[in-house]
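Novice: Since chain A is already given, all that's left is putting chain B on it; use the hints.
Here is how the chains run, residue by residue.
Protein chains: 2
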Amino acid sequence: MVVQVVEVSPRDGLQNEPEILSTASKIELIRRCVEAGARRVEAVSFVRADRVPQMADAEAVMAAVPRRGDVSYIGLVLNRRGLDRALAAGVDEVNCVVVATETFSQRNQGASVDAMLGAWTDIAKAAHAAGVRASVTVAAAFGCPFEGDVSPATVGDLARRLVEGEPDEIALADTIGVGVPTQVRALVSAVTAAAPGVPLRAHFHDTRNTAVANALAAVEAGVTVLDASVGGIGGCPFAPAATGNVATEDLTYALHRSGHPTGLDPTKVIETAAWIGDQLGKDRLPGALGRAGWFPADPR
Amino acid sequence: MVVQVVEVSPRDGLQNEPEILSTASKIELIRRCVEAGARRVEAVSFVRADRVPQMADAEAVMAAVPRRGDVSYIGLVLNRRGLDRALAAGVDEVNCVVVATETFSQRNQGASVDAMLGAWTDIAKAAHAAGVRASVTVAAAFGCPFEGDVSPATVGDLARRLVEGEPDEIALADTIGVGVPTQVRALVSAVTAAAPGVPLRAHFHDTRNTAVANALAAVEAGVTVLDASVGGIGGCPFAPAATGNVATEDLTYALHRSGHPTGLDPTKVIETAAWIGDQLGKDRLPGALGRAGWFPADPR
Numbered sequence: 001m002v003v004q005v006v007e008v009s010p011r012d013g014l015q016n017e018p019e020i021l022s023t024a025s026k027i028e029l030i031r032r033c034v035e036a037g038a039r040r041v042e043a044v045s046f047v048r049a050d051r052v053p054q055m056a057d058a059e060a061v062m063a064a065v066p067r068r069g070d071v072s073y074i075g076l077v078l079n080r081r082g083l084d085r086a087l088a089a090g091v092d093e094v095n096c097v098v099v100a101t102e103t104f105s106q107r108n109q110g111a112s113v114d115a116m117l118g119a120w121t122d123i124a125k126a127a128h129a130a131g132v133r134a135s136v137t138v139a140a141a142f143g144c145p146f147e148g149d150v151s152p153a154t155v156g157d158l159a160r161r162l163v164e165g166e167p168d169e170i171a172l173a174d175t176i177g178v179g180v181p182t183q184v185r186a187l188v189s190a191v192t193a194a195a196p197g198v199p200l201r202a203h204f205h206d207t208r209n210t211a212v213a214n215a216l217a218a219v220e221a222g223v224t225v226l227d228a229s230v231g232g233i234g235g236c237p238f239a240p241a242a243t244g245n246v247a248t249e250d251l252t253y254a255l256h257r258s259g260h261p262t263g264l265d266p267t268k269v270i271e272t273a274a275w276i277g278d279q280l281g282k283d284r285l286p287g288a289l290g291r292a293g294w295f296p297a298d299p300r
Numbered sequence: 001m002v003v004q005v006v007e008v009s010p011r012d013g014l015q016n017e018p019e020i021l022s023t024a025s026k027i028e029l030i031r032r033c034v035e036a037g038a039r040r041v042e043a044v045s046f047v048r049a050d051r052v053p054q055m056a057d058a059e060a061v062m063a064a065v066p067r068r069g070d071v072s073y074i075g076l077v078l079n080r081r082g083l084d085r086a087l088a089a090g091v092d093e094v095n096c097v098v099v100a101t102e103t104f105s106q107r108n109q110g111a112s113v114d115a116m117l118g119a120w121t122d123i124a125k126a127a128h129a130a131g132v133r134a135s136v137t138v139a140a141a142f143g144c145p146f147e148g149d150v151s152p153a154t155v156g157d158l159a160r161r162l163v164e165g166e167p168d169e170i171a172l173a174d175t176i177g178v179g180v181p182t183q184v185r186a187l188v189s190a191v192t193a194a195a196p197g198v199p200l201r202a203h204f205h206d207t208r209n210t211a212v213a214n215a216l217a218a219v220e221a222g223v224t225v226l227d228a229s230v231g232g233i234g235g236c237p238f239a240p241a242a243t244g245n246v247a248t249e250d251l252t253y254a255l256h257r258s259g260h261p262t263g264l265d266p267t268k269v270i271e272t273a274a275w276i277g278d279q280l281g282k283d284r285l286p287g288a289l290g291r292a293g294w295f296p297a298d299p300r
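Those protein sequence lines, which keep their order, are chains A and B.
Residues 1 to 300 in our numbering are what the first sequence lists, from first letter to last.
Residues 1 to 300 in our numbering are what the second sequence lists, from first letter to last.
With the rest of the complex left out, here is chain A (with noise of 0.2 Å):
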């Protein structure tokens, strides 16, 4: 079964390294991305630039992004506001975070879950009248900094509403990193349930080391989108020394190695991820195949 990786190093990686890259290094690593086979790249977020300066050039980056037919851009938006930047720097889906628990949503989003559903609802229907789709991801679906466990139930009450904007998909994202294999099922279950025929995407931070674990049980139960940054870039706000993001590389791996397919040529992915290492001023990257090589040595 193929698997399409989503490469979110450009939004998800960048946005949480302290060092900002220039506008020409953003679309080099965008470009480099798309070389090595990615087709779907959240390639920048439209929110206030004083509270993520990091992403402050997001519509310099979409106007210079390599054009084709078959690579899509996501851009991340939380708002109308965000929306209508989106669409104007011509994103071709628009990507909204609803957090699975109230004491994240506030703390992160400065807006309770209420609040998020009315505006993800608000913002799918634009992008949809606009021609452009629109996905949505369940932040903390697997664990809260704040509140702790998270149960599928609560996942799939929120899947239930989040509907009503009729996502092209939902992403269940372990944004902290807490997942287990037995976690993702249940919760693939229950947003399958709750969202009958809504495409599931998953995205798995490696922070205690189950990231590649929690990825092969999302395939195995039916989900074929995950997203993944090269090298592992991005860190975790919640733990400075740890891991964030799974290392595309790693993904790959794990999946070319278990008969799954992605259309991303490895070589070109682990030379990305050196590269991005370098630009970002790392000696050490999280991705293990950088460091540990493939096996067999020749990827293809």
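Among the hints, a few may not be true.
All copies of an identical chain are treated as equivalent in the list; a pair is satisfied when it fits inside any one copy or across any two copies.
SDA-like mimics (lysine to any residue), calculated; alpha carbons at most 20 Å apart, straight line [claimed, not checked]:
hint : residue 1 : residue 2
1    : 125       : 59
2    : 268       : 109
3    : 282       : 256
4    : 282       : 67
5    : 125       : 21
6    : 282       : 28
7    : 282       : 240
8    : 282       : 241
9    : 125       : 240
10   : 282       : 271
11   : 282       : 130
12   : 282       : 222
13   : 268       : 186
14   : 282       : 79
15   : 125       : 271
Just so you know, these hints were derived from the structure itself, not from any lab.
Specialist: Here is chain B on its own, set in the frame of chain A:
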């Protein structure tokens, strides 16, 4: 289902670290692991001191480990001379290694697979005659650095021949960290068919970020004993910058959160990892839990 974690840091971990610890520090490591809940410990190897200087003080270590009825100490042996030393030192179990591929066997053990099969049978019979348990590890069972892929049929054939030594346990080792869960299932199935009734143990390296996925797959396939090394110490002889043994704290997190108690105290395991990291002069350990913290915050 309860899963037993065999702590291998004192042998497989330390043997692959450039720094040689004092005998007192090795004993302290073992004491701390037992205090954290380890009930089987791969404590030492009885091999040639000129080849493996890290293990030269095996007798002195074994003379000072905390002896208690509920803890079993394993000594690695590769020939009769090693067995005699192990028995004299009072180990509770011996473990022998047979490599799945000819090239790796010749290069690593300096002996053919056939020769090592003979050595295993000889060791096992003598150990059993002395009232000591004897287990055998199939090294490179998931892939070989020289020969590449290893088929489950190859490992099954080997397991069939290992039965002559009446193993108390067969351990399947991903020595270079290349396996994925589909392979785990195929291997467990092949070895169970080839050596019916022999309990299985699995030994995963996290070199390519698949160890936790493989461990959980092994447990789902019925394996109830897994090897791990606190902090993930040990490294990988085939890729100097890469990770070796899966970290005990990472495995414990994945198991506990998946509903598999281990008897280990996560806080003490993480403290022991930090302690051994200091002893080895490492500013960064492979284990993720020490950087990320348990979830939810209180592991008990």
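Novice: Run through the hints listed earlier and report the numbers of any the structure violates, in increasing order.
Specialist: 1, 2, 3, 4, 5, 9, 11, 12, 13, 14 and 15
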